[in-house]
Every structure is written in structure tokens, then in C-alpha cells.
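Trainee: Listed here are the chains, written in short residue letters.
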Amino acid sequence: MNPKLRTCFLFVCSLLLALSCASDKAVFERSATKYRIGDQEGWAAKELDQRSWHRRPSFVPDGKIFWSRTKVKILQAPEAMEPYGVRMEIYGEYEVFWDGELIGRNGNPGQEAELPPKGELWTTFTIPLHLTDVGEHVLALRLSNYYYPDHIGVYELEVDYYDDLMTDRLIQNAYMHVFAGAFLVASIYCLFLFLGNKKEYLLLIFSISSFFFFGLTMTHFVRTTLPIHYSLHVLRLEVITGLLFGISFLIPLYFSMQFPFPRRKLFVGLYAVILLFMFSSKHNAFDYTILKMTAGLCVFSLGITIFAVYKRAKGALLVLLTLLLCIFIGYTVSFNLALFIGFSLILFNMLYLLSVRVKEQRLAYETSLVQSTRLKLELVKKNIQPHFLMNTLTSLMDWVEEAPDKGVLFIEALAREFDLINQMEDQTLIPISQEIALCRTHLEIMKYRKEIDYSWEEEAIDPEQKVPPAIFHTLLENGITHSMPREDNSIRFRLTYESDSNHHCYTFLTMAAGVKQGKSREEGTGLKYIKARLTESYDAKWDLSSEPTPEGWRNVIKIYY
Amino acid sequence: MNILIVEDESRIAKRIERMMRDILASALTSVTHLNTLQEALAFIDKQPLDLVLLDLNLNGEDGFDLLKTAVSGAFHTIVISAYKDQAITAFEYGVLDFVPKPFNQERLEQALSRVVAQEKTETEVRYLAVKKRQRIQLIPVDEVLYIKGAGAYSELFLIDGSKELHDKSLDKLQQLLSGSFERVHKSYLVRMSEVSEIIVSSGSKYMAALKNGAQIPIGRTKYKEIKSKWY
Numbered sequence: 014m015n016p017k018l019r020t021c022f023l024f025v026c027s028l029l030l031a032l033s034c035a036s037d038k039a040v041f042e043r044s045a046t047k048y049r050i051g052d053q054e055g056w057a058a059k060e061l062d063q064r065s066w067h068r069r070p071s072f073v074p075d076g077k078i079f080w081s082r083t084k085v086k087i088l089q090a091p092e093a094m095e096p097y098g099v100r101m102e103i104y105g106e107y108e109v110f111w112d113g114e115l116i117g118r119n120g121n122p123g124q125e126a127e128l129p130p131k132g133e134l135w136t137t138f139t140i141p142l143h144l145t146d147v148g149e150h151v152l153a154l155r156l157s158n159y160y161y162p163d164h165i166g167v168y169e170l171e172v173d174y175y176d177d178l179m180t181d182r183l184i185q186n187a188y189m190h191v192f193a194g195a196f197l198v199a200s201i202y203c204l205f206l207f208l209g210n211k212k213e214y215l216l217l218i219f220s221i222s223s224f225f226f227f228g229l230t231m232t233h234f235v236r237t238t239l240p241i242h243y244s245l246h247v248l249r250l251e252v253i254t255g256l257l258f259g260i261s262f263l264i265p266l267y268f269s270m271q272f273p274f275p276r277r278k279l280f281v282g283l284y285a286v287i288l289l290f291m292f293s294s295k296h297n298a299f300d301y302t303i304l305k306m307t308a309g310l311c312v313f314s315l316g317i318t319i320f321a322v323y324k325r326a327k328g329a330l331l332v333l334l335t336l337l338l339c340i341f342i343g344y345t346v347s348f349n350l351a352l353f354i355g356f357s358l359i360l361f362n363m364l365y366l367l368s369v370r371v372k373e374q375r376l377a378y379e380t381s382l383v384q385s386t387r388l389k390l391e392l393v394k395k396n397i398q399p400h401f402l403m404n405t406l407t408s409l410m411d412w413v414e415e416a417p418d419k420g421v422l423f424i425e426a427l428a429r430e431f432d433l434i435n436q437m438e439d440q441t442l443i444p445i446s447q448e449i450a451l452c453r454t455h456l457e458i459m460k461y462r463k464e465i466d467y468s469w470e471e472e473a474i475d476p477e478q479k480v481p482p483a484i485f486h487t488l489l490e491n492g493i494t495h496s497m498p499r500e501d502n503s504i505r506f507r508l509t510y511e512s513d514s515n516h517h518c519y520t521f522l523t524m525a526a527g528v529k530q531g532k533s534r535e536e537g538t539g540l541k542y543i544k545a546r547l548t549e550s551y552d553a554k555w556d557l558s559s560e561p562t563p564e565g566w567r568n569v570i571k572i573y574y
Numbered sequence: 081m082n083i084l085i086v087e088d089e090s091r092i093a094k095r096i097e098r099m100m101r102d103i104l105a106s107a108l109t110s111v112t113h114l115n116t117l118q119e120a121l122a123f124i125d126k127q128p129l130d131l132v133l134l135d136l137n138l139n140g141e142d143g144f145d146l147l148k149t150a151v152s153g154a155f156h157t158i159v160i161s162a163y164k165d166q167a168i169t170a171f172e173y174g175v176l177d178f179v180p181k182p183f184n185q186e187r188l189e190q191a192l193s194r195v196v197a198q199e200k201t202e203t204e205v206r207y208l209a210v211k212k213r214q215r216i217q218l219i220p221v222d223e224v225l226y227i228k229g230a231g232a233y234s235e236l237f238l239i240d241g242s243k244e245l246h247d248k249s250l251d252k253l254q255q256l257l258s259g260s261f262e263r264v265h266k267s268y269l270v271r272m273s274e275v276s277e278i279i280v281s282s283g284s285k286y287m288a289a290l291k292n293g294a295q296i297p298i299g300r301t302k303y304k305e306i307k308s309k310w311y
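Top line first, the protein sequences correspond to chains A and B.
Numbering follows this note's numbering, in which position 135 of the first sequence is assigned residue number 148; successive positions increment by one, without gaps.
Numbering follows this note's numbering, in which position 185 of the second sequence is assigned residue number 265; successive positions increment by one, without gaps.
Heads up, some of the hints might be wrong.
[Unchecked claim] No farther apart than 20 Å at their CA atoms in a straight line, the calculated lysine to any residue pairs in the SDA-like style are these:
# : chain 1 : residue 1 : chain 2 : residue 2
1 : B       : Lys94     : A       : Pro417
2 : A       : Lys460    : B       : Asn139
3 : B       : Lys94     : A       : Asp466
4 : B       : Lys164    : B       : Pro182
5 : B       : Lys94     : A       : Met497
6 : B       : Lys164    : A       : Leu409
Honestly, the hints are just simulated from the structure, not real lab data.
Turn these sequences into a full structure, and let the hints steer you where they fit.
Mentor: Structure representation (C-alpha cells):
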């Protein structure tokens, strides 16, 4: 990890720790809520004998009226002219009484079956100033729950200044929307990048993950932006769980592609099955489902990154530390907060890995550009490098002086070779027939120079096949340079082609006396040229072997499909 | 004159041979053409030679190994090569001439005239190759104080006081080392920058005193020339 990143990482850690410690002091204390089925006006009263009331809410079918009473102790009276409010999350439609006084209504309790849904899941009511003295107060609710009679209870109850209750969620949402927006932008940007290069699935996965996270944030913080009736709340939870399912699958998938490991598809498939099982079993216990899936994500991602760190993959250590930090956060702050902090950290990590990858790709591309230019240059140089050109010209002078007719033929052969090289100069693959023509022409030139009886044979060549330019020409040059003619002053070259279901195979034989294993620079660059050309066209899907035989030398080039 | 041509391009070798015959005519005793380094090394070891014409790139092998052996021999070496950029190194090793390919008869004649007319080389030699047991040692010319002729051989006297034997005659070394060395006597070549003074003693005996205290006789006939050239 570079120092900049480490600083950044430590900063985030300490910020999170500081955040997790900060909390406001509450102005109230809440006692357990008690319930009773039935409907009596007197049940709203501050003083009431609650002995026949139940702690556990029971099942109340058909939208029948029932009551709940919660004792609330106010610890600190409000400032003058600044009323307290009460905020609640309750499934149902209800009337709210504070110390026996009706302070608000949410929907039409008891008439839900007849009337359309009305009211919201999250509500805030003002408490009259004169009822907020320090001491015990009673919040009584006259409720009905037609849609989810098994979800009875006061899930959230908060007493604070009414203005604060109204604004704190708005402020929180404003921040969360900005936060979500960042991921939306990242998602769209990466989608466009992916559309520009459809092989980059990592970009697509990141784009979808970011979009899901955007959706998750928006859905989670929908409370102040959309008035939701409690009957629609399961839909919200379904959306949240569904999005989390997607994220829980995509993040480890992303890591598995970034840090490949053996039997990747099998493990990812297995993980998908486990995740699906977590998603579907006890699905309606949404919080529990979310917790299970998040744990699954952490475990699987940890496994991948630990393996990647072991394999010293680039960026793996940072990811591992981030995951560990996320798990630590999960234990220190509330689950919801941990979820958002954790996911955003992981997504930022993925973004960092993407940027590292983009940089690597750019460098690889630049290198490949340089490499192909270099190869092109090397090909062109073949005919102008001094050893070839000056020796050829010297021989040519001699032929012209001694036997001008032959000299003309020599010049023609030379012109043909120059022409062939010119034709293939810009290609990365040329027809094998063109390559063979080049080899034959080269032999003709060498015959004039060396006065050795060179001969060329070919076997089972498929003229349709393509090969990188001048690779056999290079082998031929090596053969000529490093071998001595046989007793009859001849050197034979033979190119054979075979193919089967998994590869093409070219065998190039040099049949000569005394072939030396060249250790010098020239053979080195020759083989290097061939290897670089093969890599340029076939990546790693080729094989080159070069070995002496009793007859001379054998080179075998295999190109795999 | 016995000549060896080391060249793996048969057409070029024939061309050199033909031109040698044309240029030297009856002065040519024998001319041999060899294709490979190994053959050439063996041949140089056994046969008396006056001149080796050497291609530096034989069958893809580095000809500098052969060059080192060649320049340590009693004969002169002329390199004929396609790589002009090797010329300076070749001269530093002590070849008499470097003929770049492609060449014509005129250029070869010019090279041969150096052998025959004992013309001096223009490029400074930097190393003298000396045969040691089974190997060739390159002695930087800067370390040589003076050279004493000893028949067909020469003795190199070095800065560190040691003495090495070189196969070339004093005449041939004089040809190669003309830049900084002066033939002060028929048996001595001296690095002039090492001479501190010239001592004239009775009986018109002249001695060159070197910085390290050694005294080298100066030939009576050479004295005036040296005096006018160096002082």
C-alpha cells in the first residue's frame, strides 16, 4: 500500500470511530408499551389501572380497534415557546393521546376496511407545552391494523423538540441523497465506459453494484421524501432486501474476477446457491435476511482477498484491510449505519481497483504499441542491416563485374525480396504462401552470395493459413548463418504443416552439416523476433521449440486455437 | 607474401583472392581461404603468414576473438567488414587497415600498400595483444614505456616494471604506434611523453632519460630529427 493510501485509510478509520462515539443526550425515557383489545374513551387517561393490559401485543384481525399505552418520562422540560413533539413508526392507523388529550390523528382507525388507506408510517405530532413538564406522562394510542395484524407494536418512539424532529431527518436525507448521487454518477459513468468496451465486465459489475447501492440508499431514506402508508412498507423492505441480495452477489463476484483463483466458477456458483438460500429462507424476517446475506458477502470476499494477498495480487492488501475495517464497524455502530459505511468503503475500494486496472491496461496498450512499432522496424531492418546489405552488395559488384547476366538475375531476386518485405511491412499476419515466396527469394539471393546449393521443400502447406510476417524467413536466416554445407555443397530446408483439433503445427527443418548452436546476439534477436511476433498475434497460445537433430536443426512452432 | 582470407561468403572470398592475385602478382606466395573461426585459429597457429584479411562476422559469431589472436601474431591484419561501426575498435586492437564492404580493387590496393610501404596508421592503437600461455592478453598501450626490438620479436617494457614479449617485429609495431612512440634507435621505440631529458655525453653519445630513471640510447642519425620534432 502506498503512503497516500495508507493515510487516507487511517483517516477514514478515525473518522468512523469518532462518528460512532458521538450521540445526543435524550430528553426522555420510555417504558414498555402495553396493549389491550377493545375501545373505551377512558383508556386515554393519564392515570389508569393497567393491570389487565398485556406487554406482548396480540394478533388483532379485521382492523378491530385496540389501544396501546406507553409511559414516557420527560427528563428535561422544553424551553419556553418551543414545544416538544413525538415521532413514531407504527403499523396501523391511529389517534394519538398525550396525558389523555388528543394531540393528533393518522388515518381512520377502525374504518380501514371501508375507507381507502390514509396516513403515513412515520408520523410526528406536537405535544402541547403544558403537558411536557419533567415527570411521567402517558402516550395512549387508539389503533387499528387492518393490513398487517401480525405486526403490532410501537417500533419507534422519539420525544424531542418538534422542530428538531422535523428537520433532523431532512438534514440526514440531504446528506444521504448527495452520497447516493455520487454512486449514481459513478454507476452511469462506468456503464458508459463499459458500453465503450464491452469486454470489461468488471466495469459493468461495478456499475450495477453502484446503482444498486444508490437504489438501496434512496429506498432506505425514502421516509421524508415519500409519504408511505404502512400497508406499502413491506414493498419497501422487499426492495431493500432484493437490492442487498444483488449487491451481496456482485461484490464477491467482482473480487473473484479482480483476483482470480482456481475453480473460480465453481466457488462463485456455490456462493450464489448459498446466497439464494439465505435470501429465500425466513425471507420475511427482513432484518435477519439482510444480516445473513451481509455476513455471507463478508466471509466470501474475505476468503478471496486472503488468497489474493497470499498470491501477492496488486491491491489485495488494501481490500483485505477494508473488509476487516467493515467487520469492525459492523460490531461498533448500529447495523444500518454499518451497512452504509461498509458498502461505501467496499465500493470505493472497487473503484480504486478499477482505476489501478485502467492504468495497467493503458500501460500495456502503450507497451504493445511500442512493441509493434519495434517489430515493424525490425522487419524493415532485415534488408538494410549492414551484414545482409553490404555482403549482398559486395557479391553483387562481383557478379556484375564478372558475369553481368547473372548479376541482373541477382538484382531481380534482390528486388523481389525488397518488394515482398515492403508488402508485409504493415501486416501482423500474412498468408503462408507469401512467407514461402519470401523464403524462396531469400535462398536465391543467398545462392549468389554463398555459392551453396540451397534447396527449399514444403509439405502439406495449407495456403489459406496465415502466419506472422518473416518468422520462417528468420528461421531460414538462422539456418543459413549457423550451418555448413554438406559434402555435396548443399543445404536443404523443409517446412511441414500439420493441424489437429487443438493446434496448427509448423516444423522447419534445416538439413546441413555442422549446425552450431548459436549463442551469439544475432540468433538471440532472431528468436526474440519470432517470439514477439507470435505473442503479438496469439498472446500466450503458441509454443516454439528449437533443437538439434542428427540431420541438422529442427524448429517447431505450434499455434493453439 | 603469404595471405590468409577468413570470410564465410564464398563469392566475396573469391573476389578478395582474385584481387590479391591482381595486385600482388608475383609477390604473392600463397593465398588460403577459410570459412570458419576454428579453422582460421588452427591455421594461424601453424602456418607462417604475412597478412590476414579478416571478416569480423563469421556465421553469426563474434570475430573479435579471432581478431585478438590475429593482432598478437607476427603478421599484419586487415579487417574487411560490413559493419563500419566496428572500425574504431578494430584499429584500437591494432589492425593495419579497415576495409568496409562493399569494396573495389582500388580500396584493397590502398590497404595493401600500407603493408608494403610500411605506411603508418592514423587511428591510435589502444591495446597490444600479447600471447600468454593458451590465451591472449590485451595490454593497454598507455602502460607501455618503451619497446625493444629482439630479432623477429619485440620486448614491451611496462610502467609497472614488467616485460612482455610481442610476436610482431619492431618495424611492424612502429607502424601501428606512430602517434605517440618514436623510433629513437634501430632497436628502440619510446613513448615520447615519458622522456624527461636528452643527455649528451662524451663521444657524441645521446641518451633519452625516462621519468622512471631508465636511459634509452638514441641513434646518432636519429638525434637531429628527434631534437627538431620534439624540442
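Trainee: Give a verdict on every hint.
Mentor: Each hint, compared with the structure:
Restraint check for lysine 94(B) and proline 417(A): satisfied, since their Cα atoms lie roughly 16 Å apart, inside the 20 Å limit. This hinted pair checks out: lysine 460(A) and asparagine 139(B) have alpha carbons roughly 15 Å apart, not beyond 20 Å. Between lysine 94(B) and aspartate 466(A) the CA atoms are separated by roughly 17 Å; this keeps the pair inside 20 Å, and the hint holds. Restraint check for lysine 164(B) and proline 182(B): satisfied, since their Cα atoms lie roughly 11 Å apart, inside the 20 Å limit.
Between lysine 94(B) and methionine 497(A) the alpha-carbon distance is near 18 Å, which keeps this suggested pair within the 20 Å criterion. For a cut-off of 20 Å, the pair hint linking lysine 164(B) to leucine 409(A) stands: about 19 Å separates their Cα positions.
Comparing the model with each earlier hint shows no violations; every hint is respected.
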